[in-house]
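K.L.:
Letter by letter, the chains look like this.
Number of protein chains: 2
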Amino acid sequence: MLSKNKIKYIRSLELKKNRKEEHAFLAEGNKLVNDLINHFSCQLLVATKEWLQSHPHLQAAEIIEVTHEELSRASLLKTPQEVLAVFEQPHYEFDANVTDQSLCLALDDVQDPGNLGTIIRIADWFGIEHIFCSSGTADVYNPKTIQATMGAIARVKLHYCNLPDFLKSASQKNTPIFGTFLDGENIYTQELPANGIIIMGNEGNGISKQIAEMVTHRILIPNYPQGCETSESLNVAVATAIVCAEFRRRTAWSSSF
Amino acid sequence: MLSKNKIKYIRSLELKKNRKEEHAFLAEGNKLVNDLINHFSCQLLVATKEWLQSHPHLQAAEIIEVTHEELSRASLLKTPQEVLAVFEQPHYEFDANVTDQSLCLALDDVQDPGNLGTIIRIADWFGIEHIFCSSGTADVYNPKTIQATMGAIARVKLHYCNLPDFLKSASQKNTPIFGTFLDGENIYTQELPANGIIIMGNEGNGISKQIAEMVTHRILIPNYPQGCETSESLNVAVATAIVCAEFRRRTAWSSSF
Numbered sequence: 013m014l015s016k017n018k019i020k021y022i023r024s025l026e027l028k029k030n031r032k033e034e035h036a037f038l039a040e041g042n043k044l045v046n047d048l049i050n051h052f053s054c055q056l057l058v059a060t061k062e063w064l065q066s067h068p069h070l071q072a073a074e075i076i077e078v079t080h081e082e083l084s085r086a087s088l089l090k091t092p093q094e095v096l097a098v099f100e101q102p103h104y105e106f107d108a109n110v111t112d113q114s115l116c117l118a119l120d121d122v123q124d125p126g127n128l129g130t131i132i133r134i135a136d137w138f139g140i141e142h143i144f145c146s147s148g149t150a151d152v153y154n155p156k157t158i159q160a161t162m163g164a165i166a167r168v169k170l171h172y173c174n175l176p177d178f179l180k181s182a183s184q185k186n187t188p189i190f191g192t193f194l195d196g197e198n199i200y201t202q203e204l205p206a207n208g209i210i211i212m213g214n215e216g217n218g219i220s221k222q223i224a225e226m227v228t229h230r231i232l233i234p235n236y237p238q239g240c241e242t243s244e245s246l247n248v249a250v251a252t253a254i255v256c257a258e259f260r261r262r263t264a265w266s267s268s269f
Numbered sequence: 013m014l015s016k017n018k019i020k021y022i023r024s025l026e027l028k029k030n031r032k033e034e035h036a037f038l039a040e041g042n043k044l045v046n047d048l049i050n051h052f053s054c055q056l057l058v059a060t061k062e063w064l065q066s067h068p069h070l071q072a073a074e075i076i077e078v079t080h081e082e083l084s085r086a087s088l089l090k091t092p093q094e095v096l097a098v099f100e101q102p103h104y105e106f107d108a109n110v111t112d113q114s115l116c117l118a119l120d121d122v123q124d125p126g127n128l129g130t131i132i133r134i135a136d137w138f139g140i141e142h143i144f145c146s147s148g149t150a151d152v153y154n155p156k157t158i159q160a161t162m163g164a165i166a167r168v169k170l171h172y173c174n175l176p177d178f179l180k181s182a183s184q185k186n187t188p189i190f191g192t193f194l195d196g197e198n199i200y201t202q203e204l205p206a207n208g209i210i211i212m213g214n215e216g217n218g219i220s221k222q223i224a225e226m227v228t229h230r231i232l233i234p235n236y237p238q239g240c241e242t243s244e245s246l247n248v249a250v251a252t253a254i255v256c257a258e259f260r261r262r263t264a265w266s267s268s269f
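Protein chains in written order, with the working numbering: chain A, 13 to 269; chain B, 13 to 269.
Hints should not be assumed to be uniformly reliable.
Since copy identity is lost for identical chains, a pair holds within one copy or between any two.
Said to hold, decoys possible - With a straight-line Cα cutoff of 30 Å, these simulated DSSO-like cross-link-like pairs (lysine-lysine) come out:
#: 1; residue 1: Lys221; residue 2: Lys43
#: 2; residue 1: Lys61; residue 2: Lys90
#: 3; residue 1: Lys185; residue 2: Lys43
#: 4; residue 1: Lys18; residue 2: Lys28
#: 5; residue 1: Lys20; residue 2: Lys90
#: 6; residue 1: Lys61; residue 2: Lys180
#: 7; residue 1: Lys180; residue 2: Lys43
#: 8; residue 1: Lys221; residue 2: Lys18
Don't read these hints as lab results, they were simulated from the structure. Because the structure is a prediction, the values reported are computed rather than measured.
Make a model of the complete structure from these sequences and hints.
P.N.:
Have a look at this one:
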């Protein structure tokens, strides 16, 4: 039985203000909850009888059995699933040397929660563990972002920070900083290292002027055939995917073709 | 002044049934309307006075000047723009030899209108002019798809067809048919031609069994580092982007790195 207060609490997590106050976030659906429950502390698990019976060994501070109808009143999804869970927001420390030792992403005001979630899923696929976000970037704990990560949020760590300051200290250590620009150099003719920072910009405006000044390698995903009339740009998640795939190809497979 | 009937007509184009009956589709916003108006026959253009004044030479069967408030009653967008337009659906013939002469995409029941639009934008970027769609694929004229193409729909042609029959006739001509599978061969160690068909599958189920049997080259986008725990798959638009980028890199830039 799900009380009105619990329903109100769960639904309140749609708003960043409430998520921040409660240090909590919401995840819905069998696959996502299963992926996250071993990585984050679960405050509240709400599920149907059938689901709970088939998942007998779950760790959660509170477990509430509900009917489908009750669950759909708490759900933020168009098509409510058989389970939802409220998790505690983790707190990650990070070693400033991580950008020297591995490949990281930095997001300069990526606005769309779905794009952010897709980027996290891409980072996970390509073994990128840390994403540094400007304070204007969409909130990782937005339910739309969490759903779009498809569970990748269990493995990828986001750090909201003063991005110009972060990049300044990285550039002082000679960390390579890559950014995509429509007047950048063809990515396929540039050397790409196994460490450093790849910056992706805002959906409408790209990388901001202040951040652009800190980029040491301006790159471009060339269209094909070059010089033809085409779309003016690629979606930010799509561009992230192509860039990350090419960095990893160079490290692992560049000898092939 | 926008009549109630016109508002009803415009809004009715949210549904495929109505779009099909009317052979029409809706596009909203300054950039999109500007991109499409020279490529498709415009039945109806609805815009504010300011917009019309700054676009004096437009060809449309009917032009209606409206206030912002009137326009927002006809709009399907959360944030209505200053212009919307109803275009006639084009009818494309295609030469069956196109798959021998160029690189094409085939979509096997891609469901999400936003994914479809993003895939069209990717195709445009990589010079892929023809996309062959199973009849279960989302409708290209869904307003969400049209908006997500960001204008690329002016250059990329979609053909809804019996996909198994289409692929069967392609395979009889020895056209290479590529499909992505989690147990496919690493794309970076395969030869990739400048022509042929790349099949992308449904968001949840991938490529269907019937279609999979016609694939001549099963490929995989390898994750990094290989063998690590990671997301189980990539979003279909993201996978399309990485595959198309790699095909084009081979043709244009493989000598670089």
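K.L.:
Which of the numbered hints above does this structure break?
P.N.:
Hints 3, 6, 7 and 8 contradicted; others consistent.
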